[in-house]
Every structure is written in C-alpha cells, then in structure tokens.
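Peer 1: According to our numbering, the stretch in the sequence shown is residues 1 to 694, in order.
If you're looking for bench data, these hints aren't it; they were derived computationally from the structure.
Do not take every clue at face value.
Straight-line distance between alpha carbons at most 30 Å, and here's what the computed DSBU-like set of lysine-lysine pairs gives [said to hold, decoys possible]: (1) 344 / 513; (2) 239 / 215; (3) 317 / 45.
Simulated restraints on C-beta separations [unchecked claim]: (4) 96 / 584: 55 to 63 Å; (5) 16 / 304: 18 to 26 Å; (6) 512 / 662: 27 to 35 Å; (7) 402 / 439: 26 to 34 Å; (8) 439 / 591: 36 to 44 Å.
Glycine is no exception: its CB is placed at the ideal position from the N, C-alpha and C atoms.
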Amino acid sequence: MSNTVLFELGLEELPARFIDDAIEQLTKSTEAWLNDRRIPYESVKSYSTPRRLAVQIFGVADKQPDLEEEAKGPAKKIALDENGEWSKAAIGFSKGQGQSVDEIYFKEIKGVEYVHVKKFTPGQSTVDLLADFKAVLLSLNFPKNMRWGSFNLKYARPIRWIAALFNDQVIPFAIENVSTDAYTYGHRFLGSKADIKHADQYEQVLKNEQVIADKNKRKTMIEQQLSHLEQTRNWEIVKDDQLLNEITHLVEYPTVFSGEFSSEFLEVPEEALITSMKEHQRYFPVRSTEGVLQPFFVAVRNGNDKHLETVARGNEKVLKARLADAQFFYFEDQKGSIDEKLKKLERMVYQVELGTLADKVSRVKQFTESISRKLGLGERVEKQAVRAAEISKFDLVTHMVDEFSELQGIMGEKYARIYGEDEEVAAAINEHYMPRQANGQLPESTVGAVVSIADKLDTIVGSIAIGHTPTGSQDPYGLRRQALGIIQILKDRNWSLCVEDLLDEVIDFYFTKNLPTRKKEDVVQEVHDFFRTRASYLLKDEGMAPDVIQSVLAQGIQVYSQTSAKALILMEKRNDNQFKSVHEALGRVLNLAKKTEAAAIDPALFENKSEAALYELHRDIHENYQQALKEQSPESALNLLAQLSDPIHSFFDQTMVMAEDEQLRSNRLALLKQIASDILDFADLNAVQWKQQY
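Between the sequences and the hints, there should be enough to build the whole structure, so can you do that?
Peer 2: Below is the structure:
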C-alpha cells in the first residue's frame with residue numbers, strides 16, 4: 001500500500017536568510033533518514049514559509065522489506081574442536097546472530113572454509129519507525145539559535161506546533177512541551193487553526209487558510225503580479241533575484257502593490273534611492289521603458305488585496321522619511337572639502353596594529369606609485385592613480401556611507417565629481433573596490449585597476465602579517481575574494497607583473513615600518529601560499545587539471561596571464577602522443593639536475609659530439625627562449641624547448657652522466673642543471689601526467 005507522511009514544524013517567524021539552507025537540510029536529512037532505515041518511498045517534497053518548515057513524503061511503504069543476510073564467522077578449524085564438536089567460538093557466533101548451531105554451514109573463501117549462517121530480519125512497520133524522525137527536526141543547523149521560556153533547547157525560533165501524520169494517523173513524539181498533532185495554523189491574520197484530515201491534504205488545507213506553502217508557487221505569484229503591473233503601468237520594475245527570494249520568504253500569501261514618492265528626491269543619486277528602497281524597505285524600484293528611475297516603488301504585502309490603498313499610503317510615509325534622510329545626507333556631505341574629510345581619517349582606526357585609515361591610505365598611495373612605475377604608465381596616468389589612491393577612502397567619513405555602507409566608493413565617485421576631480425580619478429574611487437564579489441565586475445580603467453591592486457595588497461599582507469589569515473570558512477575581511485580579485489585584474493589587463501615580486505615589495509615595506517607582529521619568513525611563506533592557493537582555484541575554474549596546475553605553479557604564480565596560458569598549452573600537450581618523447585627527454589633532465597647545484601660548464605671537458613651538440617643548441621636557443629617567455633608567448637617557448645628533445649636523447653644514449661671522474665660528472669650535471677633551469681622557467685613538466693587518448 002502507498003502512504004503519505006507529513007511533518008510540519010510550526011515556528012515564530014524565521015529570518016528570511018535562514019530558510020533556504022534550513023529547507024535544503026531538511027530535505028536531504030529526510031531522504032538520508034528514510035534510506036538509513038530502509039523505508040521505501042517515491043518522493044519528498046518540501047515546504048517553507050516564515051512560520052513553518054515541512055516535508056511531505058509520498059509513496060511510503062507499509063513496512064521495511066525483510067532482510068536476509070549471510071553472516072561470516074570463524075574458520076572451520078577454529079569452529080570445530082579436535083573431536084569434531086562445535087567450539088565455543090562457533091556457538092558464540094551463531095548465538096550472536098540469533099541462530100543455533102544447527103543453522104551453520106561452511107563456505108570456502110580463497111581456499112579456506114568459514115562458518116556461515118543465514119540471518120533473517122523481518123521488516124518493521126513504517127509507522128513504528130516514524131517517531132524517530134524527531135531527530136531529523138532537531139538536527140537542523142541555523143546561523144543563530146535562541147532559547148525560550150525555561151527550556152534547554154536552542155533553536156532558530158520558538159516551536160509552537162508540530163503536525164506529524166502517517167496518512168490520517170498522528171505520529172507520536174514531542175519536542176520540549178510541544179507534542180505532535182493533526183492540525184496546523186494558517187495565515188497569522190487571515191487564517192486560523194485548521195485540522196489536517198489526511199497527510200495528502202496538507203497543501204490544500206493551508207491554501208484554504210490563506211497560506212501558499214510552496215515557496216516556488218509564492219515566487220511565481222509575485223513574478224506574475226509584477227509582470228501584470230509592468231504591463232498596465234508601462235513600467236520596468238527593477239527585479240533583483242536576491243531581493244525576490246528574500247521577499248518570497250517573508251510572506252505566506254503575497255499581494256503586489258505600488259506606491260509613489262516626491263519627484264524632488266530624484267535629485268539624490270539613484271544608487272542611494274535604490275539602496276534605501278531595496279535594503280531598508282524591501283521595495284522594487286521602478287524605471288521608465290527608457291531606463292530612467294521613476295518616483296514609484298513596488299512592494300509585496302503579506303496578505304490579500306483588501307484595503308491595499310491604505311497599505312500603500314502607510315508604506316509611502318515610511319519611505320518618505322527614509323528618502324528625506326538620504327536627501328539630507330547627500331547635501332550635508334557636500335559641505336567642506338575633500339581635504340577636511342581626509343583629515344578625519346586620521347581619527348579612524350583601521351586596525352590597532354596597523355594604524356588609522358589615514359595610515360592605510362598612505363601605504364596604498366605608495367604602492368600605487370610603485371605599480372604605476374613598474375607598468376610604465378607615464379606621468380599623467382601615474383599622477384591620476386596616485387591622486388585616486390590619496391582620496392580613495394574620503395567618502396568613508398560621509399553621512400551617506402555611514403548610513404549605507406554598501407555605497408562606499410559609489411558615493412566617493414559622485415562626490416569627487418562634484419568637488420571637481422578628474423573623471424579618471426573619480427571613477428577609480430569606485431573601481432578600486434572591484435570586484436566586490438566573486439566573479440564580479442572588474443575595474444574598467446587603468447587607474448582604477450592599479451589602485452584596486454594596491455589597496456588589496458595592503459589589506460591582505462597587513463592582515464596576514466598580524467595573524468588574521470582566513471581559516472576554514474571564516475574570512476571576515478574577505479581576503480580570499482580580494483586575492484582572487486588581484487589575480488583576475490592582472491590577467492584581465494594582461495600586465496606582466498610578477499605576483500611574488502608585488503607581494504615581497506609590500507611585505508618588505510611592512511617590515512621596514514615594524515608593523516607586523518610575526519616573523520618575516522613566516523609571513524612571506526604564508527602570503528605566498530595564500531596567493532598560490534587562490535591561483536590554483538582560478539586555474540581549476542578555467543578547466544585546468546590538478547597535475548597541470550601543480551606543474552605551472554611549481555615555481556610560483558609569476559605572471560599569471562602567462563601561467564594560465566602555459567596551463568592551457570599543457571592541457572593540450574598531455575594528450576598528444578607525439579609530444580611524449582619531448583616530455584621524457586625534458587623530464588630526465590629535471591630528474592638528474594636535482595643531484596647538483598648550478599656551476600660553470602667547461603666545453604673542453606666534453607668527450608663526445610652529443611655533449612657538444614646539446615650544449616651548443618641550448619646556448620643558441622636560450623636567448624630566444626627567454627625572450628619568448630618575456631613576450632608572453634609560451635607556445636613559442638615550449639616549441640624551442642622541444643628542439644632539445646632529440647639532442648637530449650642522444651646525449652643520454654652516448655654519455656655516462658654519473659661518470660667516475662668527478663670533473664666529467666660535475667661538468668655534465670652542470671649542463672643538465674642549466675637546461676633544467678630553463679625548463680622550470682616554463683613549468684615542472686614531471687608533475688604533468690602525460691596521457692594518450694584512444
């Protein structure tokens with residue numbers, strides 16, 4: 001017989017940000033629980049609203065399937081004594097399996113006979129097992145928990161009711177003082193307590209009580225109503241997936257409505273208006289079909305459409321106060337000069353060990369100047385970059401950014417324009433925070449890219465230098481994201497800047513100022529490893545195999561765009577059987593070169609033509625090879641290395657490298673060491689697993 005099971009946990013309103021993860025946990029844990037207990041079922045459907053988490057299990061069998069197992073015991077020679085009688089080991093084994101010695105039989109395994117018994121376990125009734133589901137409900141993890149009343153249980157919110165049904169039969173268990181029953185609660189204002197006659201009826205019962213239990217159906221309702229409003233008003237509602245998902249979790253019965261605000265607020269930058277609407281009020285902004293922000297907003301009510309105009313007027317009053325604050329902040333922030341605002345940074349602590357925000361700005365300014373000169377950007381661009389770095393944080397002291405922290409940089413760009421800064425400088429203030437999230441937008445301007453790298457280098461090196469390295473999932477300063485951002489910007493701009501050189505310069509600066517609280521060698525190692533891990537992540541994201549990643553990062557990240565290009569070439573070559581001979585030749589060189597240190601080569605000690613030929617060919621291609629690497633042409637560089645393949649094979653065929661004569665041995669190893677140095681400038685080819693695809 002096919003049955004339906006329902007578990008609903010009724011709670012005080014859950015924070016919207018808790019729900020997606022909670023319902024995913026509940027669904028997966030339910031499936032795992034059913035499988036662990038061998039309860040056959042067809043499907044699991046989850047439900048969630050601000051006041052409930054629920055699962056409905058369809059096609060549940062009446063009982064577990066019977067289980068017949070073969071249990072293996074001791075070897076025959078141990079199971080029987082010298083008289084051929086059952087030993088204590090055999091008797092204990094059969095008893096432990098719930099059988100008698102009469103059920104024992106022998107079975108040969110790898111030439112040895114062992115005792116076995118058939119063990120039969122009858123399947124239990126499903127309804128007798130379901131009370132244990134309580135453990136699943138208690139296993140849910142939330143970002144924050146609370147206790148209520150005199151209870152010891154810590155949970156996201158107080159539990160108010162539990163519905164648990166096997167068809168129409170209540171599954172008995174309790175959590176604290178709340179026992180399971182066959183009822184639920186509808187919408188807090190529009191519904192009431194309602195009986196659930198059968199587990200199949202759950203969704204319909206709630207719908208009758210003005211609750212849409214299926215998250216996806218609520219979301220669809222909102223989207224359809226938004227589309228209808230767009231069509232009737234000729235609007236473009238600024239839809240945001242994250243906001244839509246949050247609103248879906250805030251309501252049980254969604255009804256879309258619109259309101260308006262005074263057009264005088266449109267003189268405030270639209271980013272501030274949109275942030276106020278979205279972040280503080282959970283409203284959707286409205287644009288014209290031409291993309292111009294309009295003095296309207298769209299919101300979602302948790303209820304029906306009765307008295308909707310009154311609801312809209314109330315929301316308009318709340319928004320008016322918010323926008324009035326933004327308007328006041330906007331004009332108040334324009335008073336005084338940028339220099340006056342920069343002065344305030346001297347009183348704002350960045351990190352206790354690293355000084356004030358003014359100190360940070362000073363460091364970023366110096367790093368910006370250094371990077372600009374390395375890139376040869378020219379006097380005009382360098383001057384713009386240094387100015388952008390100098391004023392990059394001035395908006396942190398403004399009222400607008402204090403109220404809306406997510407507008408840092410954005411408001412800095414707008415205020416800088418008002419104060420008459422160069423367009424490139426103003427744009428860079430915003431761009432230096434990019435990318436703001438993983439795979440986010442990168443700076444479009446050269447000035448913004450330079451300041452972004454300088455700022456992130458300072459943040460990462462400074463944090464690690466004082467012991468704030470991210471651990472596990474904890475990364476409060478976003479250092480991983482910022483390290484990825486640096487590498488992504490370098491690749492996007494195709495800049496020939498060695499990552500390790502940049503890091504070492506910043507580390508050296510920190511230690512000249514006596515800022516770190518740790519040993520320099522530890523900081524260097526940790527910073528380099530931190531960035532290498534991020535580069536490995538990016539290469540993996542680009543589709544590179546682990547062995548290729550290990551190969552190209554063996555000597556460090558170096559110039560990332562070139563490192564990425566090398567990895568792409570090796571991904572192709574590792575499956576090219578024609579390149580296998582080249583790999584074997586270069587790999588043998590790398591292996592033997594490990595046995596010696598770099599030394600001068602004396603051609604007069606060569607004993608055969610193969611030594612001289614290899615030496616001369618390497619000398620001929622060396623300069624072109626290094627030039628190819630410098631010009632970021634790794635394919636040309638690898639082709640030059642490939643020319644050494646046949647001479648290397650000839651060398652090994654005709655030459656005893658580890659000769660007894662110390663002079664000959666050292667000279668030959670020195671030749672291999674010199675060639676190996678060039679090979680390693682490309683990659684550690686021995687790390688690559690060369691494969692032929694058939």
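Peer 1: Hint by hint, note whether the structure agrees.
Peer 2: Structure-based check of each hint:
1. 344 / 513: Given that 30 Å is the threshold and the Cα spacing comes to 23 Å, the pair holds.
2. 239 / 215: holds, 18 Å
3. 317 / 45: violated, 41 Å
4. 96 / 584: 55 to 63 Å: Once the Cβ atoms are compared, 58 Å apart, the range 55 to 63 Å for residue 584 and residue 96 holds.
5. 16 / 304: 18 to 26 Å: For residue 304 against residue 16, whose Cβ atoms are near 21 Å apart, the range 18 to 26 Å holds.
6. 512 / 662: 27 to 35 Å: Violated, at about 45 Å.
7. 402 / 439: 26 to 34 Å: Between residue 402 and residue 439, where Cβ atoms are some 29 Å apart, the hint holds.
8. 439 / 591: 36 to 44 Å: For residue 439 and residue 591 the Cβ distance comes to about 40 Å; the hint holds.
In summary, the numbered hints that this structure violates are 3, 6.
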